[in-house]
Amino acid sequence: GAGVSQSPRYKVAKRGQDVALRCDPISGHVSLFWYQQALGQGPEFLTYFQNEAQLDKSGLPSDRFFAERPEGSVSTLKIQRTQQEDSAVYLCASSLWTGTGVSEQYFGPGTRLTVT
Amino acid sequence: GESVGLHLPTLSVQEGDNSIINCAYSNSASDYFIWYKQESGKGPQFIIDIRSNMDKRQGQRVTVLLNKTVKHLSLQIAATQPGDSAVYFCAEKGDDKIIFGKGTRLHILP
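Chains as they are written, first to last, in our numbering: chain H, 1 to 116; chain U, 1 to 110.
For the record, the hints were derived by calculation from the structure and aren't laboratory data.
Computed from a prediction, not measured in an experiment: that's the story for all the values here.
Do not take every clue at face value.
In silico lysine to aspartate or glutamate, EDC-like type, Cα no more than 20 Å apart, as pairs [said to hold, decoys possible]:
no. : chain 1 : residue 1 : chain 2 : residue 2
1   : U       : K71       : U       : D55
2   : U       : K93       : U       : D55
3   : H       : K14       : H       : E68
4   : U       : K42       : H       : D56
5   : U       : K56       : U       : E39
6   : H       : K57       : H       : E68
7   : U       : K68       : U       : D55
8   : H       : K78       : H       : E52
9   : U       : K93       : U       : E15
10  : H       : K78       : H       : D63
11  : H       : K78       : H       : E44
12  : U       : K93       : H       : E71
13  : H       : K78       : H       : D24
14  : H       : K57       : U       : D95
15  : H       : K78       : H       : D18
16  : H       : K57       : H       : E44
17  : U       : K93       : H       : E85
18  : U       : K102      : U       : E15
19  : H       : K14       : H       : D24
20  : H       : K11       : H       : D24
21  : U       : K42       : H       : E104
22  : U       : K93       : H       : E104
23  : U       : K102      : H       : D24
24  : U       : K102      : U       : D49
25  : U       : K102      : H       : E85
26  : U       : K71       : U       : E39
27  : H       : K57       : U       : D96
28  : H       : K11       : H       : E85
29  : U       : K71       : U       : D31
30  : U       : K42       : H       : D24
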């Protein structure tokens, strides 16, 4: 079956440009997560949605980062006025549900963003 | 700061030997841990998990050990194969997010 897909896979942006990264979660998955992975590091949490509600955005590094999931399915991570320190792989993950139990998160392949 | 981290950045193992990847965590209240495998150009892939009420869990060719006394967990891979070459992360499940350590790169020697 189809897993989590992300597009584009690679994005090169000039400093100051805005970018939009897309995530298509597994169909029916309620929860969606965005992570940022710098080179040689582990992924770091950015934000989390349950359906269309953004329940946690504590990991977003600045107000230049904005995420949405308007219909509770596809999500977009937008970065405004990109800076070189934004260069990283942006990973999206989805899970069937969350809450008091545990539901495995399935990761997409990521979008590698390079800011020049 | 991070609550999970790994002891070694790189581990080289002879093909066919067993691999042991170690991880320390700092939050004694942590109750759920996960090991992920990440191959080049791919997202992390779930390998095995363990709850804090267990000290050992086995999967196919993999075993996770949890020592709550010293806040340490390890991933053992039996009969390491070339396809095991990847970066391995231990991770802790928070309220909703997953908290990853830095990772250990596993090299398989022919």
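Status of each hint after checking the structure:
The suggested pairing of U/K71 with U/D55 holds, with an alpha-carbon distance near 11 Å, which does not exceed 20 Å. At most 20 Å may separate the alpha-carbon atoms for a hinted pair to count; U/K93 and U/D55 meet this at roughly 17 Å. Taking the CA atoms of H/K14 and H/E68, the gap is near 23 Å; set against the 20 Å cutoff, the hint is violated. Taken as a hint, the U/K42 and H/D56 pair is broken in the structure, with Cα atoms around 25 Å apart against an allowance of 20 Å.
Restraint check for U/K56 and U/E39: the C-alpha separation of about 25 Å exceeds 20 Å, so the hint is violated. Using a Cα cut-off of 20 Å, the hinted pair H/K57 and H/E68 holds, with the two alpha carbons roughly 11 Å apart. Proposed proximity of U/K68 and U/D55 is supported: the alpha carbons are some 8 Å apart, at most 20 Å. With a C-alpha separation of about 16 Å, the suggested pair H/K78 and H/E52 falls inside the 20 Å cut-off, and the hint holds.
The suggested pairing of U/K93 with U/E15 is violated, with an alpha-carbon distance near 32 Å, which exceeds 20 Å. Between H/K78 and H/D63, the direct Cα distance comes to roughly 10 Å. Compliance with the 20 Å bound is thereby established for this hinted pair. Distance check on the hinted pair: H/K78 and H/E44 sit about 17 Å apart at the alpha-carbon level, within 20 Å; holds. For the hint pairing U/K93 with H/E71, the CA-to-CA distance comes to about 26 Å; that exceeds 20 Å, so the pair is violated.
Using a Cα cut-off of 20 Å, the hinted pair H/K78 and H/D24 holds, with the two alpha carbons roughly 15 Å apart. Among the hinted pairs, H/K57 with U/D95 is consistent with the structure: their alpha-carbon atoms are about 13 Å apart, no more than 20 Å. Distance restraint check for H/K78 and H/D18: the Cα-Cα separation of roughly 7 Å lies within the 20 Å cut-off, and the hinted pair is therefore satisfied. With a CA separation close to 12 Å, the supplied pair H/K57 and H/E44 stays within the 20 Å bound.
Distance hint between U/K93 and H/E85 is unfulfilled; the C-alpha atoms sit about 27 Å from each other, more than 20 Å. The suggested pairing of U/K102 with U/E15 is violated, with an alpha-carbon distance near 24 Å, which exceeds 20 Å. For the proposed pair H/K14 and H/D24, the alpha carbon gap of about 25 Å is over 20 Å, so the pair is violated. Between H/K11 and H/D24 the alpha-carbon distance is near 17 Å, which keeps this suggested pair within the 20 Å criterion.
The suggested pairing of U/K42 with H/E104 holds, with an alpha-carbon distance near 17 Å, which does not exceed 20 Å. The suggested pairing of U/K93 with H/E104 holds, with an alpha-carbon distance near 10 Å, which does not exceed 20 Å. Taken as a hint, the U/K102 and H/D24 pair is broken in the structure, with Cα atoms around 26 Å apart against an allowance of 20 Å. A C-alpha spacing of about 18 Å is found between U/K102 and U/D49, which places the hinted pair at or below 20 Å, so the restraint holds.
The straight-line distance between the Cα atoms of U/K102 and H/E85 is roughly 18 Å, inside the 20 Å bound, and the hint therefore holds. For the given pair, U/K71 sits about 27 Å from U/E39 by alpha-carbon distance, which is inconsistent with the 20 Å threshold. Using a Cα cut-off of 20 Å, the hinted pair H/K57 and U/D96 holds, with the two alpha carbons roughly 11 Å apart. Proximity of H/K11 to H/E85 is assessed by CA-CA distance (about 14 Å); at most 20 Å being required, the pair is judged to hold.
Between U/K71 and U/D31 the alpha-carbon distance is near 11 Å, which keeps this suggested pair within the 20 Å criterion. A distance of roughly 16 Å separates the Cα atoms of U/K42 and H/D24; the hinted pair therefore holds under the 20 Å criterion.
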